[in-house]
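Add chains R and C with the ligands to chain V, keeping to what the hints say.
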Amino acid sequence: MQHAQPYYVPSPSYWPIIGSIALLFMGFGAAFVMNDVEAGPWVLVIGLAILFWMMFGWFGTVARESEAGRYGPQEDISFRWSMSWFIFSEVMFFAAFFGALFYMRVLSVPDLGSGATGEYLWSNFKAGWPVAGPGIEDTFRPMGAWGLPALNTALLLTSGVTVTWAHWALKVGNRFQLNLGLFLTIALGVLFLFCQAYEYAEAFHEYNLTLKMGAYGASFFMLTGFHGFHVTIGTIMLIVILFRCLAGHFKPEHHFAFEAVSWYWHFVDVVWLMLFVLVYWL
Amino acid sequence: MKKLSLVALASATALCSGVAVASRLGLQDPETPIARQIYSLHSLILWICVVIFVAVFGMMFYAILKHRKSVGHKAAQFHESTTVEIIWTIIPFVILMGMAYPATKTVIDMKDTSNPDLTIKATGYQWKWGYEYVKGEGSLSGVSDGIALLSSLATPMDQIYDPKVQKSENYLLEVDTEMVVPINKKIRILTTANDVIHAFWVPAFGVKQDAIPGFIRDTWFKVEKPGIYRGQCAELCGKEHGFMPIVVRAVEEDEFKAWAEKRKAATPAAAEAAPAVQVAAVDAAATAPAAAAGPVDGKKTYDGLCAACHGMGIAGAPKVGDKAAWSTRIAQGPATLAKHAIEGIRAMPAKGGNPALSDAEVTAAVEHMVGLSK
Amino acid sequence: MEAVHGHDHAHDHDHHHPTGVTRWLTTTNHKDIGTMYLWFSFAMFISGGLLALGIRAELFQPGLQLWRPEFFNQLTTMHGLMMVFGAIMPAFVGFANWQIPLMIGASDMAFARMNNFSFWLLPPAALLLMASFLVPGGATGAGWTLYAPLSVQQGMGMDLAIFAIHIMGASSIMGSINIITTILNMRAPGMTLMKMPLFVWTWLITAYLLIAVMPVLAGAVTMLLTDRHFGTNFFNAAGGGDPVLYQHVFWFFGHPEVYIMILPAFGIVSQIIPAFARKPLFGYSSMVYATASIAILSFIVWAHHMFVTGMPAAGQLFFMYATMLIAVPTGVKVFNWVATMWKGSMTFETPMLFSVGFLFVFTMGGFTGLILAVTPVDIQLQDTYYVVAHFHYVLVAGSLFALFAGTYFWLPKWTGNMYSETLGKLHFWCSMIFFNITFFVMHFLGLAGMPRRIPDYSQQFADFNMIASIGAFGFGLSQLIFLAAVVKCIRGGEKAPANPWEGADTLEWTHLPSPAPYHSFETPPVVK
Ligand code: HEA
Ligand code: HEA
Ligand code: CUA
Ligand SMILES: [Cu+2]
Chain V
1 MQHAQPYYVP
11 SPSYWPIIGS
21 IALLFMGFGA
31 AFVMNDVEAG
41 PWVLVIGLAI
51 LFWMMFGWFG
61 TVARESEAGR
71 YGPQEDISFR
81 WSMSWFIFSE
91 VMFFAAFFGA
101 LFYMRVLSVP
111 DLGSGATGEY
121 LWSNFKAGWP
131 VAGPGIEDTF
141 RPMGAWGLPA
151 LNTALLLTSG
161 VTVTWAHWAL
171 KVGNRFQLNL
181 GLFLTIALGV
191 LFLFCQAYEY
201 AEAFHEYNLT
211 LKMGAYGASF
221 FMLTGFHGFH
231 VTIGTIMLIV
241 ILFRCLAGHF
251 KPEHHFAFEA
261 VSWYWHFVDV
271 VWLMLFVLVY
281 WL
Chain R
1 MKKLSLVALA
11 SATALCSGVA
21 VASRLGLQDP
31 ETPIARQIYS
41 LHSLILWICV
51 VIFVAVFGMM
61 FYAILKHRKS
71 VGHKAAQFHE
81 STTVEIIWTI
91 IPFVILMGMA
101 YPATKTVIDM
111 KDTSNPDLTI
121 KATGYQWKWG
131 YEYVKGEGSL
141 SGVSDGIALL
151 SSLATPMDQI
161 YDPKVQKSEN
171 YLLEVDTEMV
181 VPINKKIRIL
191 TTANDVIHAF
201 WVPAFGVKQD
211 AIPGFIRDTW
221 FKVEKPGIYR
231 GQCAELCGKE
241 HGFMPIVVRA
251 VEEDEFKAWA
261 EKRKAATPAA
271 AEAAPAVQVA
281 AVDAAATAPA
291 AAAGPVDGKK
301 TYDGLCAACH
311 GMGIAGAPKV
321 GDKAAWSTRI
331 AQGPATLAKH
341 AIEGIRAMPA
351 KGGNPALSDA
361 EVTAAVEHMV
371 GLSK
Chain C
1 MEAVHGHDHA
11 HDHDHHHPTG
21 VTRWLTTTNH
31 KDIGTMYLWF
41 SFAMFISGGL
51 LALGIRAELF
61 QPGLQLWRPE
71 FFNQLTTMHG
81 LMMVFGAIMP
91 AFVGFANWQI
101 PLMIGASDMA
111 FARMNNFSFW
121 LLPPAALLLM
131 ASFLVPGGAT
141 GAGWTLYAPL
151 SVQQGMGMDL
161 AIFAIHIMGA
171 SSIMGSINII
181 TTILNMRAPG
191 MTLMKMPLFV
201 WTWLITAYLL
211 IAVMPVLAGA
221 VTMLLTDRHF
231 GTNFFNAAGG
241 GDPVLYQHVF
251 WFFGHPEVYI
261 MILPAFGIVS
271 QIIPAFARKP
281 LFGYSSMVYA
291 TASIAILSFI
301 VWAHHMFVTG
311 MPAAGQLFFM
321 YATMLIAVPT
331 GVKVFNWVAT
341 MWKGSMTFET
351 PMLFSVGFLF
361 VFTMGGFTGL
371 ILAVTPVDIQ
381 LQDTYYVVAH
391 FHYVLVAGSL
401 FALFAGTYFW
411 LPKWTGNMYS
421 ETLGKLHFWC
431 SMIFFNITFF
441 VMHFLGLAGM
451 PRRIPDYSQQ
461 FADFNMIASI
471 GAFGFGLSQL
481 IFLAAVVKCI
491 RGGEKAPANP
501 WEGADTLEWT
511 HLPSPAPYHS
521 FETPPVVK
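Residue numbers (my numbering), protein chains in the order written: chain V, 1 to 282; chain R, 1 to 374; chain C, 1 to 528.
Next comes chain V alone, as it looks inside the complex:
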């Protein structure tokens, strides 16, 4: 609560309204695409394009403001709070899907195979896990934990280490180690995504495992899919940070953007560990 300098209030900006126009287009576009309206893809693409323009412009502005020294210690605290609560909101988003997994696995699937429900409606169904569901005749193979997924775990954990290594370097002003650490982190992230893409291809073609494979398929792909999406975002953010580092941004005592991204990366890591245990392993 110290007020060394007045709190920075940015001047009026067009980026927010541009962003909401983007989302308007994207909302309509996505709904159109899903309902086979012809214009759909175009509307969606326009929306996405505006969104990227907005993000580029907005984040650029923030980076410039930061480098111009607009953000003092009080602003820094604001950023820390906001990033923490943003990550918390993401945790709750994943919690919804983990909750669905838990519910299906522990409650609804056993329910379908037992009691009056099993007896009257699904007499041929044996509950268990992994399973698609009583009305799905196709069979599939579940994803084992100790192949690619274990490798992926190793990749992500290592990337958590490298990003921390880079952070230490930033704090002591070792720019080379900083850049190298970031680069390695990005490389590991990209590698992870490749492995996941490979895994999905294998799931589709060899395991007959798709989104349509009932309880297992839905929870598997939605959880790993949203995680993968977050890794993608995290990687892009890391790339941005790397470019900013290469451009000489950040100081040993003033580099919240870097920290925010590394928090995010650790969060993505932790989600993966939960996935590994709850989706692949158990």
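Certain hints may be false.
Quick list of the computed label-pair ranges, beta carbon to beta carbon [said to hold, decoys possible]:
| no. | chain 1 | residue 1 | chain 2 | residue 2 | range |
| --- | --- | --- | --- | --- | --- |
| 1 | C | P312 | R | A265 | 55 to 63 Å |
| 2 | C | P136 | R | I90 | 56 to 64 Å |
| 3 | C | F473 | R | Y161 | 40 to 48 Å |
| 4 | V | V277 | R | M157 | 27 to 35 Å |
| 5 | C | A57 | R | G142 | 52 to 60 Å |
| 6 | C | F318 | V | S114 | 16 to 24 Å |
| 7 | C | G315 | R | D359 | 40 to 48 Å |
| 8 | R | P334 | V | V91 | 55 to 63 Å |
No lab work stands behind these hints, which were simulated from the structure alone.
Being a predicted model, the structure only gives us computed values, none of them experimental.
All residues carry an ideal CB built from backbone N, CA and C; glycine is no exception.
For chains R and C with the ligands alone, kept in the frame of chain V given last:
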């Protein structure tokens, strides 16, 4: 200004209570032990709440009258008292425990669906109910096994749509085929649904249970007086959610047996349908009894089932005979039409909602309909 | 877009204000943004209200006169969605924007530019919702709760609603992060947490609730979307899912959501009652603890909306007990308000009238909530008009009346003019009377067995429905008085002094002139 509004308030209250004489102000008369428990539970809690309400707002209005600036009251400055705060935390807590105790007993009674005398499976469809008397363990086992009924709104459409037509006494609460149960027997209702969630609700029985597609849930009642009991679907289930009533006729045990005999004789196919539980069996028995055997007869299928919607254009179904409505559809070609009728399209249920029909029967019905609509 | 200007830090606002539309499109000022939130929510209130009148008009008499049943369901659904997400929630965020910086002595919100984004996300969401009436198949008619599998059956309108919810969720999350950060990081020196005005406290807690549950709602509707279009089976038994799973996820959001709509109302009333009783709020700290307890309890009561889904007895009992417990902290609040009035020196200007009205009528809604919490009784009353009566008592007479109270209370600070007391009082009495005419009779309808969400009803419900419909139109017309009072106040009127209320003692009254200047507290006040 204030006087005016008080007058308005008073006259509004008078209006309400005047009407109230003609209407019900409380729960429906309970007709089962459970409903009676619910009734008294509600009365108990309501009166506790009323007493608290009067006490709290008595205080407030006293303060409003006496502690106002216009009567020269000077503000005190107290703003804390741990003692009273503890008191008014503990007392409500104790009152709540007093409410929770009888409620707990009722919950446990309501959940006890064991040892029924008769088990009926109620299936919700968009928008009608199917009732199926399943083979049970209880005293009535064997009496009504395999009876399957389909029960839908009997109120004619013109009563609903035409304001000039006089509405009948049980407007919207009348069905074509009632569920019949014996009195003084424990009836277990299994609920499930075919499409979306519905809810089986008979207020006088204190019974309400969601019917969830793919799952079986249960509830029970034991009605003591013969009579007709009415209820409605109580979960939003789409367009005609307001038009799927439930009517239960409770009769003496002998009368029930006689009814069951007659009903079984009328639906021979259903009696054997083992394991008498397939959703299909309900429809097959109730709506297309002759469908199982004999040559494929499109008109029969149409009259027995499709006409329910296509006869009057219910649910947006193209009305048979309405050339404009059919011309574009016919233009899709007979194969497509048949495919849509067999697989369902939008609000049109697959095979008109009766999976027991063969493809040939449905196709024949389509031909029949097309013939009438060209 | 805007370059960083290199002037010195002591002068960190860029004092060039764009004018006209641009000012509103690009603003980073919390007062502008608050104003936009408030007008937006009022527009949505009118739209949602007109839909409600569509409902009431059809229900005026038995029989189907005006709408086809499917359109009636769309009216109900969109009325619920627009009122909850469009009217009530944004209105409270509007209050937060205006008042929090003023009440804690901050220069603005912590993230002024993101603040603008939070607001501007709402109009696209509203457009998506409204446009859904125009697409083939119309808007979604699955109820504002969007229960699967009915919602899986709907047409394109459902997808538009899903994306609207995503966007509104993003707006709420950003707004909440902003509010929390502002409160935690931007208080004036000396303003400790336990010295914050209660309105700020209630918003702090509300913002936490929002961050915790909006993402869960997003998850729920995302699963709905994939069930609809991508072949997942979350809510389909044949694929191992369960329609009831949707309800669990939805109500895990939904119950905290109802407290999101009432806690800030508690906050507003807690500012107003002491001001007009000329006596400090009774039991400040217990108010804070009670608010926190309500928020915490709200996470473990959700299944009281699902007593008829057929959960095991143990589940019913747990959720019944937990739900009943909420009466305790809420009771503490009610008692504290009455104790604040006790031995005060009260006057009854419009804000106080609405607050007293709030207290009286909200408590009735609370009691019907308690009655619904008792599982066996709920099983009888679930999905009847009794529930409709309950939640309009807490939402209209609760949230909405508190919003009116707050508007009249702060209008002098916002506009610099006094509102017309005559219009205000007229608005209050009309609202109060018509509200009760509309919704009180719904209790009887519900008890007698009228289901909710039906376009047509049986004969025996006719008289009460007619009364309710008349009341609804009266209540709607009464809101024109509000509009008149606000517009009149903005356009002129008696000049307001810095503190027109004898008993008001928060910073905006004690430290700022009326109207509050465009940039307030550039140097923070010191709170003793
Ligand atoms: C602002 C919104 C709001 C608020 C504050 C509340 C408050 C409460 N609600 Fe309500 N509720 C809704 C909005 C709200 N509700 C909505 C929108 C729905 C329907 C959703 C839908 O289906 O569409 C709903 C539905 C709903 C149901 C489900 C009904 C059904 O569908 O079957 C239940 C059941 O338990 C319930 C209970 C409660 C309880 C116990 C409280 C408690 O918080 C009330 C506590 C207050 C008091 C009890 C009064 C004051 C206390 C005292 C004076 C102390 C002394 C009292 C005693 C000891 C008794 N609510
Ligand atoms: C959140 C707040 C909120 C508010 C403020 C309201 C306000 C009103 N609501 Fe409700 N309502 C809900 C939330 C709310 N509602 C929810 C969540 C549901 C459940 C939906 C569901 O089941 O899915 C519901 C459902 C609901 C139903 C049940 C529908 C059904 O089950 O089919 C009804 C029926 O009477 C109703 C009526 C009203 C009325 C008459 C008002 C009035 O207070 C509205 C008054 C406002 C106006 C009328 C507009 C402003 C005035 C003018 C524009 C002036 C011009 C006026 C005239 C010409 C008369 N609402
Ligand atoms: Cu079936 Cu509502
Ligand atoms: Cu609730």
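Consistency of the hints with the structure:
no.: 1; hint: C/P312 / R/A265: 55 to 63 Å; in the structure: violated, 41 Å
no.: 2; hint: C/P136 / R/I90: 56 to 64 Å; in the structure: holds, 59 Å
no.: 3; hint: C/F473 / R/Y161: 40 to 48 Å; in the structure: violated, 24 Å
no.: 4; hint: V/V277 / R/M157: 27 to 35 Å; in the structure: violated, 58 Å
no.: 5; hint: C/A57 / R/G142: 52 to 60 Å; in the structure: holds, 53 Å
no.: 6; hint: C/F318 / V/S114: 16 to 24 Å; in the structure: holds, 22 Å
no.: 7; hint: C/G315 / R/D359: 40 to 48 Å; in the structure: holds, 44 Å
no.: 8; hint: R/P334 / V/V91: 55 to 63 Å; in the structure: holds, 56 Å
In this structure, the hints that do not hold are numbers 1, 3 and 4, in rising order.
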